[in-house]
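Produce the complete structure using the sequences and hints provided.
Protein chains: 2
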Amino acid sequence: MPELRQNMATKEWVIIATERAERPDGFVQSEALSITGDQPTFDPTCPFCPGNEELDLEIECWPERDVWQTRVVHNKFPALSKDDPLTRKFDGVHRWISGAGHHEIVVDHPKHNTTWALMAPNEIHAVLEMFQRRGWSIREDERVEQIIYFKNHGHRAGASLKHTHSQIIALPIVPTNIRQRLEEARRYFDDYGQNVFRVMVENELGLGERILVESKHFVAFVLYAAPAPFHTWIIPRQQSISFLYAQPEELADLAEVLVNVLRRLYFGLRDPSYNLIIRSAPVKEISNDYYQWYITIVPRLSYAAGFELGSGMFINPTLPEGCADFLRKVKI
Amino acid sequence: MPELRQNMATKEWVIIATERAERPDGFVQSEALSITGDQPTFDPTCPFCPGNEELDLEIECWPERDVWQTRVVHNKFPALSKDDPLTRKFDGVHRWISGAGHHEIVVDHPKHNTTWALMAPNEIHAVLEMFQRRGWSIREDERVEQIIYFKNHGHRAGASLKHTHSQIIALPIVPTNIRQRLEEARRYFDDYGQNVFRVMVENELGLGERILVESKHFVAFVLYAAPAPFHTWIIPRQQSISFLYAQPEELADLAEVLVNVLRRLYFGLRDPSYNLIIRSAPVKEISNDYYQWYITIVPRLSYAAGFELGSGMFINPTLPEGCADFLRKVKI
Numbered sequence: 147m148p149e150l151r152q153n154m155a156t157k158e159w160v161i162i163a164t165e166r167a168e169r170p171d172g173f174v175q176s177e178a179l180s181i182t183g184d185q186p187t188f189d190p191t192c193p194f195c196p197g198n199e200e201l202d203l204e205i206e207c208w209p210e211r212d213v214w215q216t217r218v219v220h221n222k223f224p225a226l227s228k229d230d231p232l233t234r235k236f237d238g239v240h241r242w243i244s245g246a247g248h249h250e251i252v253v254d255h256p257k258h259n260t261t262w263a264l265m266a267p268n269e270i271h272a273v274l275e276m277f278q279r280r281g282w283s284i285r286e287d288e289r290v291e292q293i294i295y296f297k298n299h300g301h302r303a304g305a306s307l308k309h310t311h312s313q314i315i316a317l318p319i320v321p322t323n324i325r326q327r328l329e330e331a332r333r334y335f336d337d338y339g340q341n342v343f344r345v346m347v348e349n350e351l352g353l354g355e356r357i358l359v360e361s362k363h364f365v366a367f368v369l370y371a372a373p374a375p376f377h378t379w380i381i382p383r384q385q386s387i388s389f390l391y392a393q394p395e396e397l398a399d400l401a402e403v404l405v406n407v408l409r410r411l412y413f414g415l416r417d418p419s420y421n422l423i424i425r426s427a428p429v430k431e432i433s434n435d436y437y438q439w440y441i442t443i444v445p446r447l448s449y450a451a452g453f454e455l456g457s458g459m460f461i462n463p464t465l466p467e468g469c470a471d472f473l474r475k476v477k478i
Numbered sequence: 147m148p149e150l151r152q153n154m155a156t157k158e159w160v161i162i163a164t165e166r167a168e169r170p171d172g173f174v175q176s177e178a179l180s181i182t183g184d185q186p187t188f189d190p191t192c193p194f195c196p197g198n199e200e201l202d203l204e205i206e207c208w209p210e211r212d213v214w215q216t217r218v219v220h221n222k223f224p225a226l227s228k229d230d231p232l233t234r235k236f237d238g239v240h241r242w243i244s245g246a247g248h249h250e251i252v253v254d255h256p257k258h259n260t261t262w263a264l265m266a267p268n269e270i271h272a273v274l275e276m277f278q279r280r281g282w283s284i285r286e287d288e289r290v291e292q293i294i295y296f297k298n299h300g301h302r303a304g305a306s307l308k309h310t311h312s313q314i315i316a317l318p319i320v321p322t323n324i325r326q327r328l329e330e331a332r333r334y335f336d337d338y339g340q341n342v343f344r345v346m347v348e349n350e351l352g353l354g355e356r357i358l359v360e361s362k363h364f365v366a367f368v369l370y371a372a373p374a375p376f377h378t379w380i381i382p383r384q385q386s387i388s389f390l391y392a393q394p395e396e397l398a399d400l401a402e403v404l405v406n407v408l409r410r411l412y413f414g415l416r417d418p419s420y421n422l423i424i425r426s427a428p429v430k431e432i433s434n435d436y437y438q439w440y441i442t443i444v445p446r447l448s449y450a451a452g453f454e455l456g457s458g459m460f461i462n463p464t465l466p467e468g469c470a471d472f473l474r475k476v477k478i
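Residue numbers (the numbering used here), protein chains in the order written: chain P, 147 to 478; chain A, 147 to 478.
Honestly, the hints are just simulated from the structure, not real lab data. What you are looking at is a predicted structure, and each value in this text was computed from that prediction instead of being measured. One or more hints might be untrue.
Put simply, identical chains are the same to the list, so a pair is met inside one copy or across any two.
[Unchecked claim] In silico lysine-lysine, DSS-like type, Cα no more than 30 angstroms apart, as pairs:
1) Lys257 to Lys430
2) Lys228 to Lys157
3) Lys157 to Lys235
4) Lys477 to Lys257
5) Lys157 to Lys430
Written as structure tokens, this is what we have:
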């Protein structure tokens, strides 16, 4: 029997359509490890490979230029402009803001044919530290209201270049969707005096059936109301509204958890496309009790179609508990 | 210079990234008319072709069984169950509703290798009338709160069968996204005493630069804050909250407008994948001044990636005015 489940943090409903149930192993990708494995270690035409760097685009590299492990560059075709002043216009009935902001690319690793699932935890750790350094620096810009850190892996996830990279976009507004989620979390706190994300984590830990990884500082689980197969959240155990406040020890631990989860996807489903997003509160919020930063991992195994566009809801043909069980059993 | 534009009805921001501007003709599909044109008129393996009908799934056909022009069947793998009772459960901290509802398929036309862009207006009219009849019938079901009528055309739009068809999904809840849009429209009415959709239409008619088609009863235009290239709305001139209330004369006129817009996409961009959605108020709302039913057409020319999933915002690499100009010039 199909069922509707609600994500208690976002209030979004999903349909778990067990009538059309697909088993988790139905999503194993047919082209074995195709995104990453088919590539050479070095590609002479790749702008992210060592030796091909466009130095005028460079913002920062670590540990140093000639032996960089991770580096940050300006996006050559930025979606937002770091130099434009912030101006607002009421254009007749329309509302318009200049595209002021930042759009940076983090080249995660010098090797052309690797990806987070194949990198060592200390290499991911270096990328997370780079995110944080860039976040603190971008936060100095008074025009910025919201920073999104994300990674697109594979064609279906929107990656146009194969060399492993991540992106940072800093916006001069708080997006409507994020504003609504904050409001839902605030409302839950108002109703129950509890942080809804903490309640979710405690509940998942108590049940255990959707848990993927537990570490000292983080918990990774497939969502109860997963909009799509294998949709996973990684939440800190300690309440905090922003990734920017994560301590060095927590980042090191997070790197281990990320590698663990991503290796399960990589080996279990054969390198599926995925998006990974770090969700933090707007940068000008210093602290509050109701919100929680976290990471979302969305394997891109199906297409959003007319129903999803028309309702904002998703139809998930798998049981989240079954997906978690499948991933827990993957040998990494 | 990139800019942010806000859709005044939904309050959603989009980035119009003119730095990475692509010209509208950059979206012409490379495989000429591939979705529809390559198909035979009749496919012996297609469950929607005449002669292959599974009669036990049939709900209704028009004008009659042996010479049907359009027919409605139960989805063989329904996302919701027409027979299940509506039950709610608080499962620990989680909220759960049985998947009670309807999931019907409208086979638009007997021919295997046609599509709305190639059908005659009176054939589309028959499909719209079928939508309405089914909507009125489904509305009798007290469990139903929201009906979504939609069409997925092409693989990238989520269509798994090539024979032209549409879908009707009836939900036992009002989705969060629709609730939020209703609330925004109500708020605009509260602030200004005007229906925000009427204000948008008047404004577009006054400017003209994004208009695609004007008819006696409808206006079609590319959105000022289009989330993606060629994202189009078709809005009735007469305020009404539900497609179910459209009069026969209006449906006939709408069929002409739909064919006009879809032929521009078909010939201008060579049969791109698209989703088409009819957006109406929840079925138990009888009338109000602030909402408006309308149709959204979303050509699927790009992928939503990490930024879009993380922010709910979209980056559109084209100017909506340029897209409208391109489509207006297409010879249909």
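These are the hints, each one checked on the structure:
Taking identical chains as interchangeable, the C-alpha atoms of Lys257 and Lys430 are never at most 30 angstroms apart, the minima being 36 angstroms within one chain and 58 angstroms between chains. For a Cα distance limit of 30 angstroms, the shortest separation of Lys228 from Lys157 across copies, 24 angstroms, qualifies, whereas the shortest one inside one copy, 35 angstroms, does not. For the homomeric pair Lys157 and Lys235, the shortest alpha-carbon distance between copies (15 angstroms) is at most 30 angstroms, but the shortest distance inside one copy (33 angstroms) is not. Only within a single protomer do Lys477 and Lys257 lie at most 30 angstroms apart by alpha-carbon distance; the minimum there is 24 angstroms, versus 50 angstroms between protomers.
Within a single copy, Lys157 and Lys430 get their C-alpha atoms as close as 25 angstroms, and across copies as close as 21 angstroms, so both meet the 30 angstroms cut-off.
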